[in-house]
Structure formats: C-alpha cells, structure tokens
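In order, the protein sequences belong to chains E and P. According to my numbering, the first sequence holds residues 5 to 339 in order. According to my numbering, the second sequence holds residues 5 to 339 in order.
Do not rely on the hints blindly, as some may be mistaken.
[To be verified] Pairwise CB distance ranges, derived in the manner of DEER restraints:
| # | chain 1 | residue 1 | chain 2 | residue 2 | range |
| --- | --- | --- | --- | --- | --- |
| 1 | P | L285 | E | T133 | 45 to 55 angstroms |
| 2 | E | D272 | P | G84 | 36 to 46 angstroms |
| 3 | P | R69 | E | A305 | 25 to 35 angstroms |
[As the list claims (entries may be wrong)] Facing chain E, a subset of chain P residues (Cβ under 8 angstroms, in silico):
| # | residue |
| --- | --- |
| 4 | G68 |
| 5 | R72 |
| 6 | G278 |
| 7 | L280 |
| 8 | R282 |
| 9 | R284 |
| 10 | R289 |
| 11 | A296 |
| 12 | L300 |
| 13 | D314 |
| 14 | A315 |
| 15 | L316 |
| 16 | G323 |
| 17 | D326 |
| 18 | P327 |
| 19 | A331 |
To be clear, the hints were calculated from the coordinates, so they are not data collected in a lab. Ideal placement from N, C-alpha and C gives every residue a C-beta, glycine not left out.
Residue-level listing of the chains:
There are 2 protein chains.
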Amino acid sequence: MTGAGMTGTGRTDTGRTDTGRTDVGKLVGRAVEGETRAVARLISLIENGAPELRAITAELCAAGRGARPARVIGLTGSPGVGKSTSTGMLVRAYREQGMKVGVLAVDPSSPFTGGALLGDRVRMQDHATDPGVFIRSMASRGHLGGLAWATPQALRVLAAAGCEVILIETVGVGQAEVDIASLADTTVVLLAPGMGDGVQAAKAGILEVADVFVVNKADREGAQATVRELRNMLGLVERPWRPPIVTTVAMRGEGRGDVVEAIEAHRDFLAESGELARRRLVRARDEIEAIALTSLRSAFAGLHGDRRLDALAGRVLSGDTDPYTAADELVAAVS
Amino acid sequence: MTGAGMTGTGRTDTGRTDTGRTDVGKLVGRAVEGETRAVARLISLIENGAPELRAITAELCAAGRGARPARVIGLTGSPGVGKSTSTGMLVRAYREQGMKVGVLAVDPSSPFTGGALLGDRVRMQDHATDPGVFIRSMASRGHLGGLAWATPQALRVLAAAGCEVILIETVGVGQAEVDIASLADTTVVLLAPGMGDGVQAAKAGILEVADVFVVNKADREGAQATVRELRNMLGLVERPWRPPIVTTVAMRGEGRGDVVEAIEAHRDFLAESGELARRRLVRARDEIEAIALTSLRSAFAGLHGDRRLDALAGRVLSGDTDPYTAADELVAAVS
Numbered sequence: 005m006t007g008a009g010m011t012g013t014g015r016t017d018t019g020r021t022d023t024g025r026t027d028v029g030k031l032v033g034r035a036v037e038g039e040t041r042a043v044a045r046l047i048s049l050i051e052n053g054a055p056e057l058r059a060i061t062a063e064l065c066a067a068g069r070g071a072r073p074a075r076v077i078g079l080t081g082s083p084g085v086g087k088s089t090s091t092g093m094l095v096r097a098y099r100e101q102g103m104k105v106g107v108l109a110v111d112p113s114s115p116f117t118g119g120a121l122l123g124d125r126v127r128m129q130d131h132a133t134d135p136g137v138f139i140r141s142m143a144s145r146g147h148l149g150g151l152a153w154a155t156p157q158a159l160r161v162l163a164a165a166g167c168e169v170i171l172i173e174t175v176g177v178g179q180a181e182v183d184i185a186s187l188a189d190t191t192v193v194l195l196a197p198g199m200g201d202g203v204q205a206a207k208a209g210i211l212e213v214a215d216v217f218v219v220n221k222a223d224r225e226g227a228q229a230t231v232r233e234l235r236n237m238l239g240l241v242e243r244p245w246r247p248p249i250v251t252t253v254a255m256r257g258e259g260r261g262d263v264v265e266a267i268e269a270h271r272d273f274l275a276e277s278g279e280l281a282r283r284r285l286v287r288a289r290d291e292i293e294a295i296a297l298t299s300l301r302s303a304f305a306g307l308h309g310d311r312r313l314d315a316l317a318g319r320v321l322s323g324d325t326d327p328y329t330a331a332d333e334l335v336a337a338v339s
Numbered sequence: 005m006t007g008a009g010m011t012g013t014g015r016t017d018t019g020r021t022d023t024g025r026t027d028v029g030k031l032v033g034r035a036v037e038g039e040t041r042a043v044a045r046l047i048s049l050i051e052n053g054a055p056e057l058r059a060i061t062a063e064l065c066a067a068g069r070g071a072r073p074a075r076v077i078g079l080t081g082s083p084g085v086g087k088s089t090s091t092g093m094l095v096r097a098y099r100e101q102g103m104k105v106g107v108l109a110v111d112p113s114s115p116f117t118g119g120a121l122l123g124d125r126v127r128m129q130d131h132a133t134d135p136g137v138f139i140r141s142m143a144s145r146g147h148l149g150g151l152a153w154a155t156p157q158a159l160r161v162l163a164a165a166g167c168e169v170i171l172i173e174t175v176g177v178g179q180a181e182v183d184i185a186s187l188a189d190t191t192v193v194l195l196a197p198g199m200g201d202g203v204q205a206a207k208a209g210i211l212e213v214a215d216v217f218v219v220n221k222a223d224r225e226g227a228q229a230t231v232r233e234l235r236n237m238l239g240l241v242e243r244p245w246r247p248p249i250v251t252t253v254a255m256r257g258e259g260r261g262d263v264v265e266a267i268e269a270h271r272d273f274l275a276e277s278g279e280l281a282r283r284r285l286v287r288a289r290d291e292i293e294a295i296a297l298t299s300l301r302s303a304f305a306g307l308h309g310d311r312r313l314d315a316l317a318g319r320v321l322s323g324d325t326d327p328y329t330a331a332d333e334l335v336a337a338v339s
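So that you can see chain E by itself, here it is in the shape it has in the complex (with noise of 0.2 angstroms):
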C-alpha cells in the first residue's frame, strides 16, 4: 500500500530520498535524536502499513538494543469520562519528574474513515509545544489484529525517540481495551459517577484487564457510590493484585499524586512477582503471531486478484464444498 504521501520526490527533509523511496535508516536516525516530524512520519507509515514497515521495525529494533524498555500505562474508560483531561494530568506528572513523555490515542471506533478523530489530540495541545511530549492519534483500522499489529511499532518508534513513560489512551468499548491491556504494563481503567458504570464494568470484563481503578469526576454526586460499587466487585475476584481505587477531579488536577503512586505501586508489584518479564514475553509472542497472521492474510488477499477465492466462495454458496475444505484449499494455495 502506497498512499499518495508515499510518492512525492525531493521533499528529503521528511526522511525521503529523490526517487520517493523512504531513506528508513536516516528517519529512525532522526527519530532517536528526538525529531518530533521523524517521530510523527514513522508512525504515519507504521499506521498506513507502508511497505517499509519491516525495515523500519527492523532498525528500530537495532536501534534499541539494550536499551532500558520504556513504561508503557494504559488509558482507557466509557466516551465521557475524561480520558483525555487524564492522559493529560498525567503526562504533567511525568514530565514535573523530568521524564520524555509519549501519548498514543488509539481511535478503535473509526475503521472506515482511515483517519484517527482530531479531538484527543486538540485537547492536549497544552502539551503540543513541549519538545518533551510525543502525541500521536491513531485509528485501528480494519478487521483482524488492526490494533495488535500497528501499535506495538509504534510504541516502539517513541521509545526509540527516548520516550520513558508511553500512555497508551484508547475508548473502552469491546476488544479495544484488551487489545490495550495485553501492550500495557499497567492498565488504568477511568469510570465516571452516575454513568452506570458499575454495572458495566462487570459485563465489559474490565474487572479482569484493570490494574488501577480511576473514578473521575469525584467531586459529582454518586463518587462514593461508585467506588462502593467497584470494591465490592473487586472482592468477589481472587488475584494476586488487587486494583487500588483512586478518584480524581482530572480538570483541577485532583489526585494526581494518587493516580501515579498506584501506577507505582503496580509496577513495583510487576517487577518483584516476575510478571513484568512474564507479560513482557507474551506480548513479544503475540507480536510475532500478529505480523504472521497479517503476512497469511496479505497472501489470502493476494488470491482475490486472481479470482481463486472468489471461485471458492462461489463453491461454498451453492453447497459444492464447505468451508473448512475451502480454508484447507486457500492455506494450501499460500503456502
């Protein structure tokens, strides 16, 4: 896939050469002396799967070659309940303790329009001038694996920029927020009062991905009752970390301080039980499970030129095959 971006010539100042071939080494270069443009058009190519994808993540792996992983949290909560007004309070925070802060906002709700919305990133632009702050949206598009593929490059482009902390801020609607619990470290789960949130925290297994409960907007009327809510489900779950609960006033920066020691105190929980290598394993596994599958399914897509999978389709529909004999068929014929 080459977008329109892939093919103008002469602009070498975003890392391309004079034939419109993307100079990889030279823009990881750049990126790892923190070019915040480098930064953004790695990210853009890693999101729009350009064809330079294994060779920037080829680089980017060498260029991050013992060197210390960095943090990655987390975001995510219902439409509503100050996400963004969170990451922000939180990137703050990390950057008052003198650390490079990175911020991906994942938009897993717009696989049609191929382009992330606008309004995360309007909202932080506080931080937009800061040379110590990354901020990149963007969209999870497509079917299988959109977010498990992309996201792991790109939180690798901003580590590779000397990012330490990496919020990963997404909606928590459906496979979004496992998807971002499976990259995080530490995942924080934001509720808001009077949103039934409770109840909806159960069904949407937040319960099981969260490692630090937020109640947001604790200054409305119904904070406790959430947070009741919340500790009594938490009881009903045997784990070996119990999410601490902490509420906050994110537009007043209230609680901020507690925000971030309960990440602490998850990190250091990860560290001492060895889970913080353990989870660091799967995902790598899951990385590479996520690149084959996608280069399986590029092959599949190769045969729909070709008209083979359609004529398997056309089998199928007048009960000729069925289709697992069809699947056997098309995996025989990629590989």
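Following the hints, complete the assembly by docking chain P onto the known chain E.
Leaving out everything else, chain P in the frame of chain E:
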C-alpha cells in the same frame, strides 16, 4: 477443547453416542427437524470450538444444499436503546407472517468469562415456548475473528432448522457492529433520544454500516432532534441506498410496521441491485478466510507447547532478531 459437557456417556438423547462422542449426523438431522435441544446443542458445540465443528459444518452444508438462504437481519445500538425489546417486536412481526424466526444475541463484551449474559435471553422469554422461535445467546470470545468465525456456523444451524428470518442482536460498540454488518443482509442501527447518539453515530462509523435507522423511545423528548441530526448527517454521505429513518416505541409495539417495511425496502434494493449476491459472496469469502486464519492460529498455538514461539519471543526481546524475521520463522514452522 472438550468441555465438561462433552464427556458424558449414555445421554444419547442429546445426540451423543455411548462412547461420549457426538453423533454429528444424527444431531444435525434432529436440528433439521426443528428440535430445539439439538439446535441449542449444535450452537454450544460451535461456540466452544468443539472438535466436531468441521463435521458439523459439512453436515449442515450438505443439509442446506439447494435450500433458500435465510434472511439475516442485524440489530445493533448502544446499551439502553432498547435492542432486546426491538428484537422482540420484530420476532412478533415475522411470527405473525407465519415465518420461523431465529435470534442470536451476541455479546462482544465478555471475552474472558466464556459465557454470554443471560439478561437478553430472559427479556425475550415471551417467545420461549413458541416452537417457531429459536433464541440463543453467544459470547464472542477471544481475540482474532471470534465473531467472524463462529457466527456464520450458528446462522447455518438456525437456517438448517428452518428459520426463514434470523435476527442477530449485538451491542453497538467497537468492532462487533462492523462484524455484524458483514454477516447481515440488512443492518438496523437503533438510537434513542438524548443519549448523545447522534454525535456518537458519526464517530462510530455506524453511518457506513446502517441500512435502516430506528430511533426508539420516540415518545421521549428529543426524538425529533435525533431524527433531524441523523437526516443531516445522512445528507453528507453519497451511497446508492439512502437508509430510511424510522421512529418506534418498541415497548408498546409502535412503529413496528414501519420497521418491517423499511427492512423489506432494503431487501428489495439488495435483490434488484445485485448487492445481495455480492454480499453473500463476500460473506463466504470472509468465512473461508476466518477459518483458514483460525486453523493457522491453532497451529501457532501448538508451538507454544514446544517452546519454539517462546524462544522466538525471547530473541525479539533481547534484540537478537526483529519480530518480522521471527514471524517468518513461525510461518515456516507451521507450513
């Protein structure tokens, strides 16, 4: 995966042989005769990824050969818009036309617990004793292609049992509604006044998947505003089919005829434009791909046991290799 329910012996009344293996041919035969328990058992086997899945599908395909395909109608919307009530309303409408109706309530929010919530089923109990209605809840478990993989098989069971109309109901969040849209002939998107759904609609990409809009709870304040907002947004989209907007009060059955009519109109459009045949081909293609990917994933999972994938992941973590090279090795190992 052989669940606890698979190992009983002697319970031949549910289609098992004395040795504990399921007699698939017999079970499918009973489902074709409309036996509710056989239908339920087949869908459970499918949902649990039973080893008999392949045989079941082959039997169902053979049984369904030459039969008129069932009409598949998807219903989706945010929590609280009245999906189950609306589904119930449509069930009544089609039953009055003398059609046999299947309902699949798919819960995309619960990948962990492994069981769909019963709430929706309970609310449908009006129809529980009607032999012309089959109602099943399914959890779309797991990661990649959960829904895409199991739902077509469940649809096949219901069609084999003689259902002429099948309603798939799912919460309209994230990927699930897109998956539903790809499985349904007609996708009905439900909204309710005063839920900020108008804005959410554009964001969630439902404009692209909706064939019919239903504004439910139309007796509430703001219903007309929601209709206007939708109409304005639809005005911006160029599509050969302009989705009609219908208002209902599903609780009282108001607007029932209008919804059925709108679905009929879309159905006629599909048939006349050739879109129905195209959608069915795409669906068959998607199903074959989903099965192929699932079988490859199982092959990958088989490597977990022999530690090869762990070793690859470790090499990626240490920087000895990059995930693309590791993915190549993974694919080579299973093909």
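Can the hint on P327 (chain P) be confirmed by a CB-to-CB distance to chain E that is less than 8 angstroms?
At about 5 angstroms, which falls below the 8 angstroms cut-off, the nearest Cβ of chain E leaves the hint on P327 (chain P) intact, so it holds.
Restraint outcome when D314 (chain P) is required to lie within 8 angstroms of chain E by C-beta distance
holds (7 angstroms)
Hey, does the L316 (chain P) contact hint survive, CB to chain E under 8 angstroms?
holds (6 angstroms)
Quick one, is the A315 (chain P) hint okay against chain E at 8 angstroms, beta carbons?
violated (10 angstroms)
Quick check on the hint: R284 (chain P) CB to chain E CB, less than 8 angstroms?
Status holds, d = 6 angstroms.
Restraint satisfaction for L300 (chain P) [CB to CB of chain E, less than 8 angstroms]
It holds, given that the least Cβ distance between L300 (chain P) and chain E is near 6 angstroms, below 8 angstroms.
Identify whether the interface hint at G278 (chain P) stands, where standing means a beta carbon of chain E within less than 8 angstroms of its own.
Hint on G278 (chain P): violated, closest Cβ of chain E at ~14 angstroms, above 8 angstroms.
Using 8 angstroms as the Cβ threshold, decide whether A296 (chain P) counts as touching chain E.
Cβ of A296 (chain P) sits 4 angstroms from chain E, so the hint holds.
At a threshold of 8 angstroms, is the proposed contact between G323 (chain P) and chain E supported by beta-carbon distances?
With Cβ-Cβ at 3 angstroms, under 8 angstroms, it holds.
Taking 8 angstroms as the limit, does the beta-carbon of G68 (chain P) come near enough to a beta-carbon in chain E?
The hint holds - G68 (chain P) has a Cβ within 8 angstroms of chain E, the shortest such distance being about 7 angstroms.
Range hint 36 to 46 angstroms (beta carbons of D272 (chain E) and G84 (chain P)) holds or violated:
Holds - the Cβ-Cβ distance for D272 (chain E) and G84 (chain P), about 40 angstroms, lies within 36 to 46 angstroms.
Given the range 25 to 35 angstroms, decide if the beta-carbon distance of R69 (chain P) to A305 (chain E) lies inside it.
holds (29 angstroms)
Checked against the numbered hints above, the structure breaks hints 5, 6, 7, 8, 14 and satisfies the rest.
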